[in-house]
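Line by line, the protein sequences are chains A and B.
Position one of the first sequence corresponds to residue 1 (this note's numbering), numbered consecutively onward.
Position one of the second sequence corresponds to residue 1001 (this note's numbering), numbered consecutively onward.
Simulated from the structure, these hints should not be mistaken for lab results.
Given the structure is predicted, the values throughout are model-derived calculations rather than measurements.
Idealized CB from N, CA, C, for every residue including glycine.
One or more hints might be untrue.
To be verified - Calculated lysine-lysine pairs in the BS3-like style (CA-CA distance at most 25 Å, straight line):
{"hint": "1", "chain 1": "B", "residue 1": "K1061", "chain 2": "B", "residue 2": "K1008"}
{"hint": "2", "chain 1": "A", "residue 1": "K97", "chain 2": "B", "residue 2": "K1051"}
{"hint": "3", "chain 1": "B", "residue 1": "K1085", "chain 2": "B", "residue 2": "K1029"}
{"hint": "4", "chain 1": "B", "residue 1": "K1085", "chain 2": "A", "residue 2": "K10"}
{"hint": "5", "chain 1": "A", "residue 1": "K63", "chain 2": "B", "residue 2": "K1061"}
{"hint": "6", "chain 1": "B", "residue 1": "K1061", "chain 2": "A", "residue 2": "K31"}
{"hint": "7", "chain 1": "B", "residue 1": "K1085", "chain 2": "B", "residue 2": "K1051"}
{"hint": "8", "chain 1": "A", "residue 1": "K97", "chain 2": "B", "residue 2": "K1061"}
{"hint": "9", "chain 1": "A", "residue 1": "K63", "chain 2": "B", "residue 2": "K1051"}
{"hint": "10", "chain 1": "A", "residue 1": "K124", "chain 2": "B", "residue 2": "K1022"}
{"hint": "11", "chain 1": "A", "residue 1": "K63", "chain 2": "B", "residue 2": "K1073"}
{"hint": "12", "chain 1": "B", "residue 1": "K1061", "chain 2": "A", "residue 2": "K75"}
{"hint": "13", "chain 1": "A", "residue 1": "K97", "chain 2": "A", "residue 2": "K10"}
As the list claims (entries may be wrong) - Cβ-Cβ distance ranges computed for the label pairs, FRET-style:
{"hint": "14", "chain 1": "A", "residue 1": "Q123", "chain 2": "B", "residue 2": "E1128", "range": "36 to 44 Å"}
{"hint": "15", "chain 1": "A", "residue 1": "D18", "chain 2": "B", "residue 2": "T1072", "range": "25 to 33 Å"}
{"hint": "16", "chain 1": "A", "residue 1": "G40", "chain 2": "B", "residue 2": "A1036", "range": "16 to 24 Å"}
{"hint": "17", "chain 1": "A", "residue 1": "G11", "chain 2": "B", "residue 2": "E1116", "range": "39 to 47 Å"}
{"hint": "18", "chain 1": "A", "residue 1": "S27", "chain 2": "B", "residue 2": "F1030", "range": "20 to 28 Å"}
{"hint": "19", "chain 1": "A", "residue 1": "N104", "chain 2": "B", "residue 2": "R1140", "range": "43 to 51 Å"}
{"hint": "20", "chain 1": "A", "residue 1": "E90", "chain 2": "B", "residue 2": "K1022", "range": "36 to 44 Å"}
{"hint": "21", "chain 1": "A", "residue 1": "A39", "chain 2": "B", "residue 2": "H1056", "range": "20 to 28 Å"}
{"hint": "22", "chain 1": "A", "residue 1": "L115", "chain 2": "B", "residue 2": "E1026", "range": "41 to 49 Å"}
{"hint": "23", "chain 1": "B", "residue 1": "T1072", "chain 2": "A", "residue 2": "P119", "range": "43 to 51 Å"}
{"hint": "24", "chain 1": "B", "residue 1": "G1038", "chain 2": "A", "residue 2": "E90", "range": "23 to 31 Å"}
{"hint": "25", "chain 1": "A", "residue 1": "G40", "chain 2": "B", "residue 2": "E1026", "range": "35 to 43 Å"}
{"hint": "26", "chain 1": "A", "residue 1": "E94", "chain 2": "B", "residue 2": "S1050", "range": "34 to 42 Å"}
{"hint": "27", "chain 1": "A", "residue 1": "K124", "chain 2": "B", "residue 2": "P1068", "range": "41 to 49 Å"}
As the list claims (entries may be wrong) - Computed list of chain A residues with no C-beta within reach of chain B, every gap over 12 Å:
{"hint": "28", "residue": "S14"}
{"hint": "29", "residue": "A16"}
{"hint": "30", "residue": "K37"}
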Amino acid sequence: MRFMMLMIPKGYESAAPDTMPSAETVSAMMKYNESLKKAGILLALDGLHPPSTGARVTFPDGKPHVTDGPFAEVKEVLGGYWMIQVRSREEAIEWAKRCPASPNETIEIRQVQELADFPPDVQKAAAGYAEMQPHARKAS
Amino acid sequence: MRFMIIIKATPDSEKGIFPDEKLLTEMGKFNEELVAAGIMLAGEGLQASSKGARVHFSGSKRTVTDGPFAETKELVAGFWIWQCKSIEDAIEWVKRCPNPFNEESEIEIRQVFELEDFGSELPAEVRESEERLRAELISRQK
Chain A
1 MRFMMLMIPK GYESAAPDTM PSAETVSAMM KYNESLKKAG ILLALDGLHP PSTGARVTFP
61 DGKPHVTDGP FAEVKEVLGG YWMIQVRSRE EAIEWAKRCP ASPNETIEIR QVQELADFPP
121 DVQKAAAGYA EMQPHARKAS
Chain B
1001 MRFMIIIKAT PDSEKGIFPD EKLLTEMGKF NEELVAAGIM LAGEGLQASS KGARVHFSGS
1061 KRTVTDGPFA ETKELVAGFW IWQCKSIEDA IEWVKRCPNP FNEESEIEIR QVFELEDFGS
1121 ELPAEVRESE ERLRAELISR QK
């Protein structure tokens, strides 16, 4: 089963555009990342620039509307993610607990949809999607 | 530059309602365009937050809360990773995306940190460790 661990850092919603994690934070996280890799469960990971450098697109009347970041009234934003392959939801939670996260941070654990999770008609319509990705998915 | 294109959750996505065939066909076409343009690196959908959990950190203490989570609008329903020339380029592509749900929806565009963004501040061993990790992840995918 694949799970996404979503890092939600409180305060990042209003962080300045040039905000970067410190070398100490990156070093600690790299040790954690190495442990995920050694366990053979790490599939992908990325950190995201602050939302103040981002944008949002909404489709209120069918047409796209663009809003530049930071996004007012937003209480939580994504700071980064890990994609892991584990045997159960419990195992994913155990790995999240080992992260050297700060008190302002929360990790959300969400299962990734696999083609087999969908009803047959949806599977048929989505056939070929996995092959489209250069970073092809692992069998789960 | 890489961008994470985040499809935000809606009441329907949180209920686990599947998209209809028309929307799936439109999305399939859009995905094909992304691939043909060489910008699609990855893309996944997530199961509803009711099946998820959250871990909160406080010193050495870890608190686990089971989903669903209240802020539906801020939850992630799915994402792509795209390689684009600029954020403007990424925004233009998102504007061409079919509305991802048959209700009001939102897509967020965020730039991904690259090793180069950290400049010389990062200790050499951390940089090397990160490079090794990335190289290994890519070789595993092949």
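These are the hints, each one checked on the structure:
1. K1061(B) - K1008(B): Judged against 25 Å, a Cα distance of about 30 Å means the pair is violated.
2. K97(A) - K1051(B): holds, 18 Å
3. K1085(B) - K1029(B): holds, 22 Å
4. K1085(B) - K10(A): Violated - the C-alpha atoms of K10(A) and K1085(B) are around 30 Å apart, more than 25 Å.
5. K63(A) - K1061(B): violated, 46 Å
6. K1061(B) - K31(A): OK: K1061(B) and K31(A) at ~20 Å, within 25 Å.
7. K1085(B) - K1051(B): violated, 36 Å
8. K97(A) - K1061(B): holds, 9 Å
9. K63(A) - K1051(B): violated, 32 Å
10. K124(A) - K1022(B): holds, 13 Å
11. K63(A) - K1073(B): holds, 19 Å
12. K1061(B) - K75(A): holds, 23 Å
13. K97(A) - K10(A): Between K97(A) and K10(A) the Cα gap is close to 17 Å, so the pair holds against 25 Å.
14. Q123(A) - E1128(B): 36 to 44 Å: holds, 43 Å
15. D18(A) - T1072(B): 25 to 33 Å: Since D18(A) and T1072(B) have Cβ atoms about 31 Å apart, the given range 25 to 33 Å holds.
16. G40(A) - A1036(B): 16 to 24 Å: violated, 34 Å
17. G11(A) - E1116(B): 39 to 47 Å: violated, 25 Å
18. S27(A) - F1030(B): 20 to 28 Å: violated, 40 Å
19. N104(A) - R1140(B): 43 to 51 Å: violated, 32 Å
20. E90(A) - K1022(B): 36 to 44 Å: holds, 38 Å
21. A39(A) - H1056(B): 20 to 28 Å: holds, 23 Å
22. L115(A) - E1026(B): 41 to 49 Å: Given range 41 to 49 Å: violated, Cβ gap about 18 Å.
23. T1072(B) - P119(A): 43 to 51 Å: violated, 23 Å
24. G1038(B) - E90(A): 23 to 31 Å: violated, 39 Å
25. G40(A) - E1026(B): 35 to 43 Å: holds, 38 Å
26. E94(A) - S1050(B): 34 to 42 Å: violated, 20 Å
27. K124(A) - P1068(B): 41 to 49 Å: violated, 29 Å
28. S14: holds, 14 Å
29. A16: Fine: 14 Å to the nearest Cβ keeps A16(A) off the interface.
30. K37: Violated, because the least Cβ-Cβ distance between K37(A) and chain B comes to about 6 Å, which does not exceed 12 Å.
Hints 1, 4, 5, 7, 9, 16, 17, 18, 19, 22, 23, 24, 26, 27 and 30 from the list above are not met by this structure, while the remaining hints are.
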